[in-house]
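Enquirer: Each chain is listed here by its residues.
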Amino acid sequence: MAYEMIMKPMTFKITWKDGLVITPWERPIGPTHGPSDPSLPSGSPVKDALDLAQDVPHSPLDQFAIKSFLDMRVGYLYISFTNPTFFMLLTLGLVFLLFHLVTKKGGGKSVPNAWQSLVELIYDFVPNLVNEQIGGHVKQKFFPCISVTFTFSLFCNLQGMIPYSFIVTSHFLITLGLSFSIFIGITLVGFQRNGLHFLSFSLPAGVPLPLAPFLVLLELIPHSFRALSSGIRLFANMMAGHSSVKILSGSAWTMLCMNDLFYFIGDLGPLCLVLALTGLELGVAISQAHVSTISICIYLNDATNLHQTFFIVIFL
Amino acid sequence: MLEGAKSMGAGAATIASAGAAVGIGNVFSSLIHSVARNPSLAKQLFGYAILGFALTEAIALFALMMAFLILFVF
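Here the protein sequences line up with chains A and B, keeping their order.
Position in the first sequence (from 1) plus 3 gives the number in the numbering used here.
Take the second sequence: its letter number 53 is residue 42 in the numbering used here, and every next letter is one higher.
Hints were generated in silico from the structure; no laboratory data involved.
It cannot be assumed that every hint is accurate.
Cβ pair distances, simulated, as ranges [unchecked claim]: (1) B/Ala5 <-> A/Leu278: 24 to 32 Å; (2) B/Pro28 <-> A/Tyr126: 48 to 56 Å; (3) B/Leu30 <-> A/Ala215: 56 to 64 Å; (4) B/Gln33 <-> A/Val114: 50 to 58 Å; (5) A/Lys144 <-> B/Pro28: 36 to 44 Å.
Keep in mind it's a predicted model, so treat the numbers as computed, not measured.
Think of the CB as a built atom: it goes at the ideal place given N, C-alpha and C, for glycine as much as any other residue.
The following block holds chain B by itself, in its conformation from the complex (with noise of 0.2 Å):
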């Protein structure tokens, strides 16, 4: 019973690596338009990116923990 709604919890907790998906996907159709329109911009562009790329998946991997939390800690 408790085994069961662990993996359900655990489960539940990687739904929110969803938004994660569309922050990223974001991150970088921003990161292309930017380029498109000024590609002279592009180097600086990219360290941005990667900056906004690295706070969006701290955001899916706190998803991740939590699932971990809940798989192994409780």
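This is chain A alone, in the form it adopts within the complex (with noise of 0.2 Å):
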């Protein structure tokens, strides 16, 4: 979906400088002006610049092209083999590698290394949560698959982290994929654990008759647009960190490469600027994990309890 999203303005051309013909794409870098803008006098610092600058890509969505490595085609269906599978793939081969050489030979040792402990602080970080936000004695059934939710979206949103690859959590379809499909496996639970009773999440206790239809379409707008919510959530923190990265870091390559003194002084700026908003991004992608699966937990904890235990209502 994001892909069609973003690629959609390909599909008309614009006439640039000197009758060249190009897509908005591959435009060269800057809002108003081409690498060889007449206008600007031969060896001004902002045209050093915008030549200097060719090769970096040109839009800060760019970064977030799908490209196919290996078209597989199944009549109607596209399923090629493209790079966020490839670091889908990558990240959690790795991760498995990492969980199959710590507990190799039956379990760790006692005292941990540095890697079990990683290991084992992950690990340990589901279950507490689990145990906080679900009442009854139903937790130990669903730990194991929100712990695989929890490793999947750290380690998928801290790989994309790393300078030159690509976040597979930026992609709305991703998200929505597996916010739909926990969605659908919560209302699953719910029916099968509470019978025709789940239909009563839609009810508040207590409400007089008369209000009930009003209450029961609120409520089920809100309930259905959990669906949704948790996949945009991690899509927008993950694009927009990702593009204003890109943004200030683009930024700070243009001013360090105007040639000038003042410039390259300045350039100080943007760059602690890009350096503090990695390590905000670092923080964001570890809480994102952290807030979908409280986000999980909660729906799940409403879905087996009904109304019996009372929690923030987050919509959002």
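Got two chains here, separate frames each, mind docking them using the hints?
Expert: Listed below in structure tokens is the structure:
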């Protein structure tokens, strides 16, 4: 979905300077002037910077472009091996390798080394969340599923922070697929555990009957919006974060290339900002995995225990 | 014309970050209030505050995402 959304502008062409016909996607950097802009005097810092910045990707959204490595089509199904597939498999492979190496020969050592501590930290993090958020006796049953979801989103987010790699969770299709499948699973769990009583989620207890039709509608909207919101949250965080890092580093690079002492000193500003933002993005990558795990736990608690335990209702 | 309108739209989309600023300020001011009242809960409250911060920041990023979409996609 994100791919189509991004690639749609490629369908029309614009005429650039000197009668060169290119798509807007391929246009030289800078919104208004090309590299050989005759209005700028030769040797001006802006022109030098623009000429130097030629090989930099042109739009901050370029980093999310999906490229196909192996074309595969079955009828109308497009199941190519693309770079998201590759990075997802790479991340999962590395995580599985780490977990396997740490728990080799029937579990780790009683005095863990750094890697084992990391794996134990990740493993221990989820049961705490699950025990805090989900009431009743069912929590152990759902722990593996929640743990896998947490580990997947955590490592996909973190892997995307490596420069020149590809962030998988910045694609709406992937996060939406994740959140929709979790939503469907939670609904099934709710019906399985409570039968048709599950439908009472749409009516809080103790509501006068004349109000019921409106309240059912009002409760249904946020409930079904949960399926969208956890996907959108992850996607928006990742995409906005990566784009802003890209925009700022592009600005720092352009200032660095301007061949001017003033800009060279001023370049420290954006550069420090990029560094700070990278740190923030690392934090966001971890906290978003945390937040999405918590919201899954809350939804699961709502589905299994209906309205017995009250907790903060989180819309987004 | 279109470029100008896009810039105006993207600029207008970032007004939303004012609300997120108020929200984040509110989260942390509540944290400070609560910790001042009961310092022994500081660790637990900090976890909740970070959760609230992440949720509030997500809203700000929706606005930022809209600005990016307006600027770069259409």
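Enquirer: Using the Cβ atoms, figure out if A/Lys144 sits within 36 to 44 Å of B/Pro28.
Expert: Holds - the Cβ-Cβ distance for A/Lys144 and B/Pro28, about 38 Å, lies within 36 to 44 Å.
Enquirer: Indicate whether the distance between the beta carbons of B/Pro28 and A/Tyr126 respects the range 48 to 56 Å.
Expert: Violated, since B/Pro28 and A/Tyr126 (Cβ atoms, about 31 Å apart) do not stay within the stated range.
Enquirer: Could you tell me whether the CB distance from B/Gln33 to A/Val114 stays inside 50 to 58 Å?
Expert: violated (29 Å)
Enquirer: The hint says 24 to 32 Å between B/Ala5 and A/Leu278; measuring C-beta to C-beta, is that right?
Expert: For A/Leu278 against B/Ala5, whose Cβ atoms are near 26 Å apart, the range 24 to 32 Å holds.
Enquirer: Range first: 56 to 64 Å. Now tell me if the beta carbons of B/Leu30 and A/Ala215 are that far apart.
Expert: With a Cβ separation near 39 Å, B/Leu30 and A/Ala215 fall outside 56 to 64 Å, so the hint is violated.
Hints 2, 3 and 4, counting from the list given before, are not met by this structure.
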